[in-house]
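Residue numbers (the numbering used here), protein chains in the order written: chain W, 1 to 255; chain X, 1 to 299; chain H, 1 to 293.
Be aware that a few hints might be false.
Some, not all, of what chain W presents toward chain X, calculated at C-beta under 8 Å [to be verified]:
hint, residue
1, L60
2, P80
3, M82
4, V85
5, F89
6, M93
7, F101
8, P102
9, K103
The list that follows gives simulated cross-link-like pairs (lysine-lysine, DSSO-like), each with its CA atoms no further than 27 Å apart [claimed, not checked]:
hint, chain 1, residue 1, chain 2, residue 2
10, H, K6, W, K120
11, H, K10, W, K120
12, W, K73, W, K142
13, W, K199, H, K2
14, H, K286, W, K133
15, W, K73, H, K10
16, H, K2, W, K142
No lab work stands behind these hints: they were computed from the structure. Built from N, CA and C at the ideal position, the CB exists for glycine as well.
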Amino acid sequence: MKTTAPWAFEIQDLNSWYGGRQALQKISLLIPERRITAIIGPSGCGKSTFIRCLNRINDLIPGFRVEGRVLFKGQDIYDPTMDPVEIRFRVGMVFQKPNPFPKSIYDNVAYGPLIWGTRKGPALDTAVEESLKRAALWDEVKDMLHQSALTLSGGQQQRLCIARALAVEPEVLLLDEPCSALDPIATARIEELLLELKKSYTIIIVTHNMQQAARVSDVTGFFLLGELIEFAETKRIFTNPVDRRTEDYITGRFG
Amino acid sequence: MMPKRSQRGRIGEGLIQVLLLFCGILSVFTTLGIVAVLLFETIEFFREVSLVEFLTDTQWTPLFADKRFGILPLLSGTFLTTVIAVLVAMPVGLLSAIYLSEYASEKVRPVIKPLLEILAGIPTVVYGYFALLFVTPLLQKLIPSMAGFNALSPGIVMGIMIIPMISSLSEDAMYAVPQSLREAAYAMGSSKLQAAWRVVVPAAASGIAASFLLAVSRAIGETMIVAIAAGQQPRLTLNPFVPIETMTTYIVQVSLGDTPHGTIEYKTIFAVGTMLFVITLGLNLVSRWLRERFREQYG
Amino acid sequence: MKLPSKELNKILVRRYWADRVFRLCAVTMLLITLGTLAALLIDVFIDGAGRLSWPFLTSFPSRKPEQAGILSALVGTVYLMILTVVIAFPVGVGAAVYLEEYARRGWLSRLIELNIANLAGVPSIIYGLLGLELFVRAMRLEESLLAGALTMSLLVLPLVIIASREALRAVPPSIREASFALGASLWQTIWNQVLPLAFPGILTGAILAASRAIGEAAPLITIGALTYIAFLPDSLVAPFTVMPIQIFNWVSRPQKGFFEAAAAAIIVLLAVLLLMNAVAVYLRQKYQKRMNL
C-alpha cells in the first residue's frame, strides 16, 4: 500500500463478541490519516460492528466484548485506563439513519460544544455556523436555525448530523452507511462533502454500495463473515482483487 | 336441514354481537349518566345560588345557618394539597424514572419497579391513617405550631402515593425514545447524565408531561387521605399548617350526615362534583392529547 | 475542539462528579420512598398487631374500642367484592371482546375507546355521586349492598375492559385463522379458542379490579353506606359497610383505642389484598408459560 500518511488507527488482532456469538475475527489493519477508508461487505459481515469498535460506542450494548488492540494515534483505546468518553470526543460518528435530536437545528449543532464547555454566546454561534458551513448545509438553513430539525428532508438531516459531529471538531469521522436511507441526489451531495472533508479529517465509511466506495474512498477493506478478506488501495481492490471472494463480491456474484 | 341450522346460527351470532355491542356502549352510558346527573342537580343548585357568588364568594358555609356558597375555599384547599403532593411526586418520580430507564442495571430494575407499584396499590384510607397518625406527629416535632389537621401531611403522603404513577409512565416514555438518539449523544462524548438530561428527557417531554398531568388529576380527585388528615374546615388560605377542606372532602362530609334529597345542601355536593369533574376531565384530556402526540412522534 | 488536555481533564472530572451526585440523589430518593413504604407498614403493624385476635375478626363494631370488631365490615367487603366481580366481569369481558374481535375501526369504536380511557381517570367519588342518584334514588335501591356493588362495578369496569383487551390481543392471530379454516364461525372461534387462551390474563385483570374495589371507600360513603352496622347483610338490598369505611370511621374518632382497631383492620385489609395480588402474579406466570409453548 503506497501512502505517505501516518496511521490514524492501528488495529491488531481484533476479536469481538455479542454474548456468545463472535462478530469479528482477528481483524488487523492500518487506517491512514486524512484519507477516506471504505469498509464494504454483505450485510451481517461485521462491518458495522468494526466501525462501532473504533469509538467504543458498542460498549453500550449489554454483552458486547472485545479482545485485541485498537491503537488510536498510538494509544490503545481499550486500555482500562482510557476513558471512552474522551475517545468519543476525538472520534466523531454519523449513523445509518439520520438521528437528529428533536430540537432546533441550532440546538442540534450546539449540543457538542455545549457539553464540552463552550458557553452560550457569540463563540457558540460561530461554532454552529462554521460546522454547518463545513457540512454544506449553512446556505439552506441559515434563515431557519431555530426551526425543529425534524422538518428537514432526510438528506438535510444527515448533513445536519454530520455538522453536529463536526461541531466537536473531532480528528476522525466514522460514518456507518450514512446514505442507506437517502435518495441518489442527497447521496451525491454527501459524497461531495466527504471528498471536501478529507482535507482535514480522517474518514472511515461503512457502505454496502460498492460504487460509493469506488467513488469516494482511497483505501477499501472487504469484510466477510466477520473476517477481513482484503484491504488495499481502492483502485486495486476494484480492478485487480487478490482474493477470489473479493472478486466474487465486487462483480456481484453474491451479496 | 343444513340451511335451517346455519340460519339459526346466524341469528344467534347476530344476537351475541348485539349483546357484546351493548356491553361496549354501556361505558358510554356511564359517562352520559355522570354528565346527566351532575348537570341536573347542578342546574337545580344554580336556581338558588348565583354563579357569581359560587365563583367569587370567599366563604363556604352551606351547612351553617348563615349559608354562603363560595367555592374558593374548597378550591384553595384542593389546590394546596395537590401542589404539595406534586412538589413531592414530581422530582422523585422523574428522578426515579431517569434512574430506572437510563442507569439501573438489568438486575436492579425488576426489583425496584414492583416495589414502587406496591405504593399505588395501597388503599387510600391506609395512607390517611399514616398521614394522620404517623406523618403529622412527626412533622409537629419539627413545626410545633402545626395543627393536628393540616394540608402539609396529607399532601406529602398523597405525593408518595402518586410517585409510581409518574415514575412508571415517564419511564415508559423515556423507554420509547429511540436508541439511536442515545447513541448520537454518546457518540459525541456525552456522560450518562448529559445523554439522559439533555437528550432523552427533552425527547420524552410530552410523555413525561402527560404523566404529570395525570398525577395532578389523581391528586385533585383523591378523597380519603385528605378527608382523614386535612380537617374538614373550608378556609381560603395557602397556609399548609392549618386545617382546610378539599372539594372531595366536602362531598364526604355531607354524605356522612343525613342530608335529605332536594335540600340545598344535597345539591351542593353535585355542584362541587361538577367542578371536580370538569377540572379532572380537562387534565385527563390534555394528558391524553400529549401522549398521543408523543406516540405519533416515535411510532 | 482544541481543548488542552488539562482543560479536558477538568471537564471530565466535573462531569463524573455530576454523574455521581445525580446517581446518589436518585438512589437516595428511591430509598426514602421505599423507606416510607416500610415505615407505613411497620407503623400499622406496631399499632395494630396487639389488637388482632379471633374475637376482633368475629365481633361487630362497638362503642367501646376494646370490644370493637370487624365482622360486619369484613363480610360486607367480601360480599361487595363478589357482587362487583359478578356484575363487572361479564360486561367488561363482553365489551373487550366486542372492541377486539368485532368492532371495525370506525367512529363508534373510537368513541368507546376514548370514553373508556377517560372513565379510568374520573375520580372515584364522582362514581359515588352517579350511584347516589341512579341506584340509590332513581332505582330505589337505598343504601344497599346491590347499590354499592353496582356503583363499584361502574368504577372498575374500565380496568376490566383494559386488562381483558390486553389479554385478547396477546392471543396469536394464527389461532383464530386455524379455527376459521375449519369452518368455525366468529363466535365459535372466540368462545372455543380465543377466550380459553386469554382467560388467565382476563382473570388477572379481574382480580386487580377486585382489589381496587375492596380498597375504595369514597364512592360508598357518597352513596350513603353506613359506618356502623351491627348485623350481617342478609339480602342484596340490605344495608352494609366495608372495611375501608370501618377504618375511616375508627380513625375519625377521638379515642386512641379506635386507632388501634383501625390499624388492626388495616392489617386484615392489606393481608386480603396481598393474597389477591399473589394469586394474580401466580396466574400471570402460569399464563406466560402457556403462551410461550
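Going down the list of hints, with the structure as the test:
1. L60: holds, 6 Å
2. P80: Nearest chain X Cβ about 19 Å off; hint violated.
3. M82: violated, 13 Å
4. V85: holds, 5 Å
5. F89: holds, 4 Å
6. M93: Where the cut-off is 8 Å and the nearest Cβ of chain X is about 4 Å from M93 of chain W, the hint holds.
7. F101: holds, 6 Å
8. P102: Nearest chain X Cβ about 5 Å off; hint holds.
9. K103: holds, 7 Å
10. H:K6 to W:K120: Since the Cα atoms of K6 of chain H and K120 of chain W sit roughly 22 Å apart, the hinted pair holds (cutoff 27 Å).
11. H:K10 to W:K120: holds, 19 Å
12. W:K73 to W:K142: violated, 36 Å
13. W:K199 to H:K2: holds, 18 Å
14. H:K286 to W:K133: violated, 60 Å
15. W:K73 to H:K10: holds, 22 Å
16. H:K2 to W:K142: holds, 25 Å
When each numbered hint is compared with the structure, violations occur for hints 2, 3, 12 and 14.
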